[in-house]
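Colleague: Sequence:
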Amino acid sequence: HEVQVLGVSPIDIEEEGVTFVGAVGRGAQEQAIHSGRVIKPDLVLLEGAFVAAHLFRHHYPRSKIVHVGQNIDRQAMRSSENPFRLRDSIDLYAFVGAGQLAEYAVRYPGLRHKFCYLPNVTPWEWMYEAIARGRVQNRIMWLGAWTKWGLRQWALTMERILRENPEYTWHL
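Residues in the sequence shown are numbered from 1 upward in steps of one, following this note's numbering.
FYI, nobody ran anything at the bench for these hints, they're computed from the structure.
Estimated spans, in silico, between C-beta atoms of each pair: (1) 163 / 15: 45 to 53 angstroms; (2) 70 / 134: 24 to 32 angstroms; (3) 54 / 164: 48 to 56 angstroms; (4) 27 / 47: 13 to 21 angstroms; (5) 47 / 98: 13 to 21 angstroms; (6) 16 / 119: 18 to 26 angstroms.
For glycine and all other residues, C-beta sits at the position ideal for the given N, C-alpha and C.
Could you put together the complete structure from these sequences and hints?
Modeller: Structural data, given as structure tokens:
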């Protein structure tokens, strides 16, 4: 298998069997596709660049295009950047959270046939083997934007958890 990643480096880099095609910005990425530097893919995974789905569909009509839904927020859903508006170019929507998959399956029943679950897998041994383990702490943190949907519900849940477990601390 050959793996290429487009748009994360200004120069071509080969690392651990993965080719990072050097192209910064949309114009350079489109040029890399037009010039043939990007090999004809069987599978295209798009995350933040899901608006490129039309371009990939046009150049590689037989490729499977998957939008990996790391962070589909409600603001994007109301804008022209709504990934579901590109359903003619996207074959599959892969959600990294089970709750996220469930929510969108309910909200978009007509697209359920295009939804799947793709949990994040962290290569713990490879990435974190050299990190010294710290002591376990009873600390709960909110990692997300203040505008992220769900903060209020999460805060109400935390109010109950902290009452039941006064030794825990909550950090925003």
